[in-house]
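Enquirer: For reference, the chains in residue letters:
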Amino acid sequence: MLMSLSLDDVRRIAKLARIAVTDTELAATQQQLNKIFTLIEEMRAVDTTGIAPMAHAQDVHLRLRDDVATAPDRRDAFQAIAPAVENGLYLVPKVIE
Amino acid sequence: MIEKSLKQLSGMLAAKDVSAVELATEYLGRIKANAALNAFIAIDEAKTLAQAQAADAARAAGNAGALTGIPVAHKDIFCQQGWVASCGSKMLENFVAPYNAHVIEQCDAAGLVTLGRTNMDEFAMGSSNENSAFGAVLNPWDRKAVPGGSSGGSAAAVAARLAPIATGTDTGGSIRQPASFCGVTGIKPTYGIVSRFGMIAYASSLDQGGPFGKSAEDCALLLNVMAGFDERDATSLQHAKEDYARDLDAPLAGLRIGLPREYFAEGLAADVAAAIDAAIAEYKKLGATVVDISLPNTRLAIPSYYVIAPAEASSNLSRFDGVRYGHRAADYDGLTEMYEKSRAEGFGWEVKRRILTGTYVLSHGYYDAYYLQAQKIRRIIADDFQRAFADCDLIMGPVAPGTAWNLGDKNADPVAMYLEDIYTLGVNLAGLPGMSVPAGFDTAGRPIGLQIIGNYFAEAKMLNAAHRFQQATDWHQKAPAL
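These protein sequence lines map, in sequence, to chains A and B.
Quick note on our numbering: the first sequence kicks off at 411 and runs consecutively.
Quick note on our numbering: the second sequence kicks off at 173 and runs consecutively.
It is worth saying that the hints were derived from the structure and are not from the lab.
Predicted, not measured: the structure shown is a model, and the values here were computed from it.
Built from N, CA and C at the ideal position, the CB exists for glycine as well.
Please note that a few of the clues may not be correct.
[To be verified] Where chain A lies over chain B, by a calculated footprint (3+ residues, C-beta under 8 Å):
| hint | segment |
| --- | --- |
| 1 | 466–480 |
| 2 | 513–520 |
[What the hints assert, rightly or not] Pairs of lysine to any residue residues, derived as SDA-like cross-links and limited to a Cα-Cα distance of at most 25 Å, are as follows:
| hint | chain 1 | residue 1 | chain 2 | residue 2 |
| --- | --- | --- | --- | --- |
| 3 | B | K219 | A | Q489 |
| 4 | A | K425 | B | D505 |
| 5 | B | K582 | A | V431 |
| 6 | A | K425 | B | L507 |
| 7 | B | K188 | B | Q225 |
Could you put together the complete structure from these sequences and hints?
Expert: Okay, structure coming up:
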């Protein structure tokens with residue numbers, strides 16, 4: 411049986427997902443997620459012993475190709491849409507703390 | 173002109189009865205005159221007319237293909253160089269794609285002329301189009317009604333004759349359900365037939381592009397353009413190029429149609445059931461026979477899908493963090509807050525809910541109980557379809573339990589909307605092709621779609637069945653009064 415998600419659970423999931431959820435949004439989010447998990451719970455009781463998980467309908471395997479560079483040089487196009495560039499570099503907020 | 177088939181338009185272009193520029197101008201005018209439908213997120217007349225002029229020049233130089241100069245509307249999920257690809261999200265409202273999706277490359281190479289970018293549920297998550305950051309699309313048949321989703325803009329555009337054909341994507345029903353709600357034809361091909369390269373990812377193991385048109389014949393011609401192996405998509409199938417229009421006129425005598433009893437059970441609206449029964453009666457007249465089949469785990473497709481799709485979404489959408497892609501919050505204190513605020517501001521609530529759901533089911537200690545269990549049920553559902561296809565050639569039934577609901581009706585309860593996907597999700601989980609064909613109207617005048625499901629690579633057979641139905645009926649020729 412599903413344990414309902416507590417407000418702390420929702421805070422923890424939001425933290426893992428890197429999505430800020432304000433205190434005023436928290437209760438509604440909890441309620442909706444619990445509804446979704448009640449729906450999902452219908453699947454947990456099904457006996458799936460011996461059944462292989464299915465990831466792709468055709469059970470294809472990753473193709474191998476020759477180890478040669480194929481990507482064209484699109485540097486100018488990518489520089490053009492970046493929020494900030496300088497001397498051909500991409501300027502981003504400080505990401506190492 | 174707007175009621176002409178692609179074949180007729182192609183003939184008119186070849187005979188110089190109309191130019192690509194004239195066609196594009198006509199449709200741009202209709203798009204602007206019907207802007208209230210909100211079917212398009214963006215148009216760019218200069219770009220469209222330049223592409224139309226190039227198409228006319230190619231034709232004058234003797235370099236035209238059959239579809240050179242035909243206008244098309246593209247779902248805002250496909251990256252298209254020089255156009256904003258917002259995916260219906262504030263997160264990407266300023267993202268100008270620096271390259272073309274494989275689908276766009278092929279449409280451009282065929283000489284199709286882009287009319288604009290159609291509205292959609294944010295990141296293709298939704299069944300009503302109300303989750304778009306750019307406002308809901310109105311159903312052209314009844315502006316109080318939703319057009320369906322997530323490809324609601326494409327379906328509404330074809331229904332309102334704002335475009336002769338349009339592209340879409342279908343992860344859990346996002347081509348078939350809006351096609352049904354808007355009274356147009358749409359097909360989701362076998363998973364792997366249309367490349368996902370440049371198609372902004374929602375749930376990668378389920379996402380599949382496909383066409384919308386006024387008829388099965390038009391869908392077959394656009395699918396011919398969209399389909400094809402592409403080495404840049406790791407799940408693209410090395411399947412020989414097909415002409416999906418090759419069997420359109422084949423007789424249906426002896427066709428065995430499977431009717432899954434679970435698709436006609438409790439919950440199906442009476443007028444939808446009546447329209448589907450009438451369509452089946454028409455198929456019997458055309459020589460088909462009917463077989464009672466069972467897809468016993470139909471209901472389990474809902475929980476299985478709503479684990480797998482959010483799990484994959486939570487992974488795919490992690491790239492929208494304010495640095496690598498997307499909206500960045502203006503004020504923040506430190507790296508974590510920058511991510512959290514950027515994502516909170518950039519995503520709408522349905523997207524957030526699915527990311528949170530996916531994050532939870534993939535988190536430590538829950539993977540086996542949720543994601544692995546859902547993938548096992550996925551196998552059970554796919555096996556059910558294979559057992560059914562031992563006794564029939566095509567499966568038919570409703571696309572959805574009801575017709576288009578009123579705008580706002582199901583917004584408060586996301587689960588109520590998820591339950592509406594019951595007849596479409598299994599097809600995506602199994603990777604099968606499915607389509608929607610106009611088959612009537614409910615008592616309020618809202619369209620009803622017949623779903624046709626085929627086995628893997630049965631697109632030509634499905635389009636054949638849909639085309640013969642459309643030769644015998646005129647539901648697909650009905651257009652809303654604007």
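Enquirer: Would the pair K425(A) and L507(B) pass a check requiring their Cα atoms to be no farther apart than 25 Å?
Expert: Answer holds: K425(A) to L507(B) is near 13 Å, not above 25 Å.
Enquirer: For K425(A) and D505(B), compute the direct alpha-carbon distance and say whether it is at most 25 Å.
Expert: With Cα atoms ~15 Å apart, K425(A) and D505(B) stay inside 25 Å; holds.
Enquirer: Given that the segment 513–520 of chain B was listed as covered by chain A, double-check it with a C-beta distance under 8 Å for 3 or more residues.
Expert: Satisfied; 4 residues make the cut.
Enquirer: Below or equal to 25 Å on CA atoms is what counts here, so check K219(B) against Q489(A).
Expert: Cα-Cα ~22 Å, so holds.
Enquirer: K582(B) and V431(A): Cα distance at most 25 Å?
Expert: Measuring from Cα to Cα gives roughly 23 Å; hence the hint holds.
Enquirer: Under the criterion that the straight-line Cα-Cα distance not exceed 25 Å, is the pair K188(B), Q225(B) satisfied?
Expert: holds, 14 Å
Enquirer: Residue count check for the segment 466–480 of chain B against chain A: does it reach three with CB-CB under 8 Å?
Expert: Since three or more residues must qualify, the claim that chain A covers the segment 466–480 of chain B holds, with 7 doing so at under 8 Å.
Checked against the numbered hints above, the structure breaks none of them.
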